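**Student:** What follows is each chain in one-letter form.
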Amino acid sequence: MRYEAPQTVDQAISLLAGTHGNPRVLAGGTDLLVQLRAGFIDPELIVDIKQIDETTAITAEDGGFRVGAAVSGARLKEHDTLSLLWPGVVEAADLIGSTQIQGRASMGGNLCNASPAADTVPALIAAGATCALAGPGGRREVPVEEICTGPGQTILTDGEFVVSILLPARGSRSGDAYLRFIPRTEMDIAVVGVGVSLSLGADGQCSAARVAVGAVAPTALLVPAAAEALVGGVVDDAAIDAMAAAVRAVCRPIDDKRGTVAYRIEVAGVLAGRVCRIALERAGST
Amino acid sequence: MAKYHITTRINGDDVEFLCAPEQTLLDVLRDDLRLTGSKEGCASGDCGACSVTIDGRLVCSCLVLAAEVGGQEIETIEGMADGDRLHPLQQKFLDFAALQCGVCTPGFLIAAKALLDRNSNPSETEVRYWLAGNLCRCTGYDKIVRAVLDTAADMRD
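As given, the protein sequences belong to chains A and B, one line each in that order. So for the first sequence, this note's numbering puts the first residue at 53; every next one is plus one. So for the second sequence, this note's numbering puts the first residue at 126; every next one is plus one.
Honestly, the hints are just simulated from the structure, not real lab data. Check before you lean on any hint, since a few could be wrong.
[As the list claims (entries may be wrong)] Quick list of in silico lysine to any residue cross-link-like pairs, SDA-like style, CA-CA up to 25 Å:
1) A:129 to B:243
2) A:129 to B:197
3) A:129 to A:223
4) B:128 to B:195
5) B:128 to A:69
6) A:102 to B:131
7) B:128 to A:55
8) A:102 to B:132
9) A:102 to B:141
10) B:128 to A:92
11) A:102 to B:134
12) B:128 to A:59
13) A:102 to B:198
14) A:129 to B:277
15) A:129 to B:248
16) B:128 to A:87
17) A:102 to A:167
18) A:129 to A:330
19) B:128 to A:88
20) A:129 to B:260
21) A:129 to B:253
22) A:102 to B:152
23) A:102 to B:130
[Claimed, not checked] Covered stretches of chain B, going by a simulated chain A footprint (3 or more residues, C-beta under 8 Å):
24) 165-172
25) 189-198
These figures come from a predicted structure and were not determined experimentally. By construction, the Cβ of each residue, glycine as well, lies at the ideal position given by its N, Cα and C atoms.
All chains, full assembly: derive it from the sequences and hints.
**Tutor:** Take a look at the structure:
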C-alpha cells in the first residue's frame, strides 16, 4: 500500500485514475481505517484529500455554502452562519459518533461510505444539496440522492471523487430538521432517520418541501409524495399524517438486530411527523 | 516497503519518524516513539483510550494514519503534567478516585482537557456527552464526571 497526499484536485484524480488495485480516498478515515484494520479492504493506494484547499474549506456560494468533502463534523458545527441556515444538516452530522469521531469524520466520507443508515444523507437530500464530483472526465454537479446506488455502492466512476457538497441558498421562513431513532441516547447507528426541509409562504401555507428517509431501504430515499402532502396547504395534523403515510409507503427495510421490517416502517412515520414539526417551527421563527 | 519520513511536533518537541503507510499514529506513538501512555483498546474508534489532540482537535489516534500528521501539533498524555507537577485534572482524578485499572485514564484526561480548553464551565450533561466516546469498565463514570466538573470549578477560581 502507498499513501499520497496531493495538493490539488487534478493531482488527486491522476493518482486515483492511474492506480490499479482499488485506490481509496481518505478524508476523516473513521470508516476507512476501520475497514483497513479489519481486512475488509486492501487498497494499493490511499489518497489523502485533506491537503487540498477545495476539500477542506467552507465557502459562501450564491447565498448558500459549499462544504469541502473532508470538512470535519466539529468544524461544521463551529460554523455559526451555516448552522443557522441548515440546522438539520449540521445536527445530522453532529449525531455521528463521539467527540473524537467528530474531530475527523466528514460528510463526504459519510456519503461515499454509502451506508443505508448514514445520518447526513437524508438531511442533505432534504436540503436539496448537490455534490461536486471531479474525475478524469471532468467535473459534474450531482444531487446527493443520486450518489448512492446500494449499500457500499456509488455512481462514482474510476478516478472520480467527491470534492465538495453545496448546501443551497434558501428563502426566509424556511426550516430543516433531522432525527434518527436509536435504542440508546448516543453512539449508535440509525434504525430509521428522517430529514425534512420546508418553506412557508406569506400566507403561512407550505410553499416548498423535501422529505428524505434513511435506513429503511438500500439507499436513503427522497420521498416526493411526502413533500406533495405538505405543499400548497397549511401544515396541520392532517397534512402531517398524510406526509407520514407517504413516508411509510416507500419503506422497504430489512429485518435485523436493530429492528424488524414492521417496526422500522411504523417508526419511520412517527419520526417523519416529529421531524416535520421541528422544521415547521424553525420555518415559522426565521 | 517504502517508508515515509514525517516531521511533526509532539508535546511541544520537534519529532521525526519513519513510518509504513498502514501504521496508525497510535502504532508509531507506542511502538516507535515509546510514548505508551496512549492505549489501544478497541482499535476501531469506539473506546477513546488512544485519544490525543492534533492541532487542538480531539481524535482517536487509532483512526489516524501516522503518515498524515506531518507539520501538525500533537498533544499526548505524556505532555500533560508539567515535570513532576500534575495537571489539575490528573490531581483531581487521584483525589476523587476517578480511576481503577487506569487503562482508560489517559484518554479521559486528554478528552477532558480538550473540553475544559474550550469550555471552562461545562454542565454535567455537556461533560457526559463530550466524554461519551471514552469507555470505562471500572468506575461507572460518575467519579470521572465529578472530577472533571470539580476541576473546572477550581480552574475558574
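**Student:** Does each hint fit the structure? Answer for all of them.
**Tutor:** Status of the hints after comparison with the structure:
A threshold of 25 Å between alpha carbons decides the hint, and for residue 129 (chain A) with residue 243 (chain B) the separation of about 14 Å falls inside it, so the pair holds. Of the pairs offered as hints, the one joining residue 129 (chain A) and residue 197 (chain B) holds, with about 22 Å between alpha carbons and a cut-off of 25 Å not exceeded. For the hint linking residue 129 (chain A) to residue 223 (chain A), the alpha-carbon distance of about 22 Å falls within 25 Å, and the restraint holds. Between the alpha carbons of residue 128 (chain B) and residue 195 (chain B) the distance comes to roughly 14 Å, so the proposed pair stays at or under 25 Å and holds.
For the proposed pair residue 128 (chain B) and residue 69 (chain A), the alpha carbon gap of about 23 Å is at most 25 Å, so the pair holds. Annotation: proposed proximity of residue 102 (chain A) to residue 131 (chain B) holds, straight-line Cα distance about 16 Å (limit 25 Å). Distance restraint check for residue 128 (chain B) and residue 55 (chain A): the Cα-Cα separation of roughly 10 Å lies within the 25 Å cut-off, and the hinted pair is therefore satisfied. A threshold of 25 Å between alpha carbons decides the hint, and for residue 102 (chain A) with residue 132 (chain B) the separation of about 17 Å falls inside it, so the pair holds.
Restraint check for residue 102 (chain A) and residue 141 (chain B): satisfied, since their Cα atoms lie roughly 21 Å apart, inside the 25 Å limit. For the given pair, residue 128 (chain B) sits about 23 Å from residue 92 (chain A) by alpha-carbon distance, which is consistent with the 25 Å threshold. A distance of roughly 19 Å separates the Cα atoms of residue 102 (chain A) and residue 134 (chain B); the hinted pair therefore holds under the 25 Å criterion. Of the pairs offered as hints, the one joining residue 128 (chain B) and residue 59 (chain A) holds, with about 20 Å between alpha carbons and a cut-off of 25 Å not exceeded.
For the given pair, residue 102 (chain A) sits about 16 Å from residue 198 (chain B) by alpha-carbon distance, which is consistent with the 25 Å threshold. Simply put, residue 129 (chain A) and residue 277 (chain B) have alpha-carbon atoms about 23 Å apart, close enough for the 25 Å limit, and the pair holds. The straight-line distance between the Cα atoms of residue 129 (chain A) and residue 248 (chain B) is roughly 19 Å, inside the 25 Å bound, and the hint therefore holds. With a C-alpha separation of about 22 Å, the suggested pairing of residue 128 (chain B) with residue 87 (chain A) holds against the 25 Å cut-off.
At roughly 22 Å between alpha-carbon atoms, residue 102 (chain A) and residue 167 (chain A) fall within 25 Å of each other, so this suggested pair holds. The suggested pairing of residue 129 (chain A) with residue 330 (chain A) holds, with an alpha-carbon distance near 19 Å, which does not exceed 25 Å. For the proposed pair residue 128 (chain B) and residue 88 (chain A), the alpha carbon gap of about 18 Å is at most 25 Å, so the pair holds. For the suggested pair residue 129 (chain A) and residue 260 (chain B), the alpha carbons sit about 24 Å apart, so the restraint of at most 25 Å is met.
With a CA separation close to 18 Å, the supplied pair residue 129 (chain A) and residue 253 (chain B) stays within the 25 Å bound. A C-alpha spacing of about 21 Å is found between residue 102 (chain A) and residue 152 (chain B), which places the hinted pair at or below 25 Å, so the restraint holds. Annotation: proposed proximity of residue 102 (chain A) to residue 130 (chain B) holds, straight-line Cα distance about 18 Å (limit 25 Å). With a cut-off of 8 Å between beta carbons, the segment 165-172 of chain B has 4 residues touching chain A; three or more are needed, and the interface restraint holds.
Counting residues of the segment 189-198 of chain B whose CB lies closer than 8 Å to any CB of chain A gives 4, so the stated coverage by that chain holds, three being the minimum.
In this structure, none of the earlier numbered hints is contradicted; all agree with it.
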